[in-house]
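Model the placement of chain A on the given structure of chain F, informed by the hints.
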Amino acid sequence: NAGVMQNPRHLVRRRGQEARLRCSPMKGHSHVYWYRQLPEEGLKFMVYLQKENIIDESGMPKERFSAEFPKEGPSILRIQQVVRGDSAAYFCASSGTQNTEAFFGQGTRLTVV
Amino acid sequence: KNEVEQSPQNLTAQEGEFITINCSYSVGISALHWLQQHPGGGIVSLFMLSSGKKKHGRLIATINIQEKHSSLHITASHPRDSAVYICAVRSGGGADGLTFGKGTHLIIQP
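Line by line, the protein sequences give chains F and A. Sequential numbering of the first sequence, starting at 1, is according to my numbering. Sequential numbering of the second sequence, starting at 1, is according to my numbering.
Everything labelled a hint here was simulated from the structure, so no lab data went into it. Each statement offered as a hint is correct.
DSSO-like mimics (lysine-lysine), calculated; alpha carbons at most 27 Å apart, straight line:
hint, chain 1, residue 1, chain 2, residue 2
1, F, K27, F, K71
2, A, K68, A, K55
3, F, K27, F, K44
4, F, K44, F, K71
5, F, K62, F, K44
6, A, K102, F, K62
7, F, K44, A, K102
8, A, K54, F, K27
9, A, K54, F, K44
10, A, K102, A, K53
11, A, K55, A, K102
12, A, K68, F, K44
13, F, K27, F, K51
14, F, K51, F, K71
15, A, K68, A, K54
One-sided and incomplete, this derived list gives chain F residues near chain A with beta-carbon spacing under 7 Å:
hint, residue
16, Y33
17, G42
18, L43
19, F45
20, Y48
21, F91
22, E101
23, F104
24, Q106
25, G107
The calculated label-pair distances, taken between Cβ atoms and stated as ranges, are:
hint, chain 1, residue 1, chain 2, residue 2, range
26, F, R9, A, Q66, 36 to 44 Å
27, F, K71, A, Q109, 44 to 52 Å
28, F, T97, A, Q109, 40 to 48 Å
29, A, Q66, F, R14, 49 to 57 Å
30, F, E41, A, G57, 23 to 31 Å
By construction, the Cβ of each residue, glycine as well, lies at the ideal position given by its N, Cα and C atoms.
Same shape as in the complex, but just chain F:
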């Protein structure tokens, strides 16, 4: 039973490009959370999704960021027109139900140059 899989592990983008981060939850998990860890800062909640639904996006920046979790396939965190301040580690976690233990992926480290 594979754990939470995130890809790519490292992503370099030039300013203005788009970044797509993928997260495949653990088998049987339908709850996905995205978190961001800025350099020298703690983790911050971004968005909580269930299959085909965004449950809570209160932590998402209002512009350029979007997330989806389609019926088939991984969850995608999309950042349009990236800026240097988007450079961070983005972690995905999944759980089987809302209040059970969440398992984290290895993260995607985004560098904007």
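Positioned in the frame of chain F, the structure of chain A alone reads:
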């Protein structure tokens, strides 16, 4: 909004010492998590607690709901325990993501 405070921020100890990391939060929760992160690495979930105490190997986690406080203990510490330990809480409603402490940087010297 829940505020999560961890102490100490940094801790250096000698191999074999008993380690305690503390976490306090401000608002009622449905669960508290202890996580471990190695430099440049992923995040590993160590414990999820809603009451009492849990033990796994040399790690022990306790929570006092009335005091809004949790502790993570490491017995017989080893250099491989060197990592950042993060406390995170899910608020009582349970409908949102975790709120994290800033983490405790632990270094165990041989």
